[in-house]
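Q: In our numbering, the protein residues as written are 2 to 81.
Derived by calculation from the structure, the hints in this document are not laboratory data.
Computed cross-link-like contacts, DSSO-like style, restricted to lysine-lysine with a CA-CA straight-line distance of at most 27 Å:
(1) Lys62 with Lys74
(2) Lys74 with Lys9
(3) Lys9 with Lys62
Just the calculated beta-carbon pair ranges, DEER-fashion:
(4) Val16 with Pro79: 18 to 28 Å
(5) Asp68 with Asp37: 36 to 46 Å
(6) Gly8 with Ile57: 18 to 28 Å
(7) Met2 with Arg49: 13 to 23 Å
(8) Gly44 with Gly8: 33 to 43 Å
(9) Asn66 with Arg28: 33 to 43 Å
Don't be surprised by glycine CBs; every beta carbon is placed ideally from N, CA and C.
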Amino acid sequence: MDADGDGKVSVEEYVQWMMYAFDRMDRNADGVLGADELPGGKGRPITREQQRQTIIERFHKQDANGDGFLSAKELAAPPR
2 MDADGDGKVS VEEYVQWMMY AFDRMDRNAD GVLGADELPG GKGRPITREQ
52 QRQTIIERFH KQDANGDGFL SAKELAAPPR
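With the hints as extra help, turn the sequences into a complete structure.
A: Structural data, given as structure tokens:
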């Protein structure tokens, strides 16, 4: 995740890493995961931007000390 090797993960690095799964699942590359592309073949469609915002929210919840970066300890902690 730490693309620049500075020992901490920025929100941009986290989003880039986490969006990998969305991009792999978006088989028709339309920027939307439809029911047929979601695990189990059902669920509400989600856009790439909606997924991006969800990931950003998760990042900020994991950032326990509020410094705008995730340390190894924060990354390893259970989801908050």
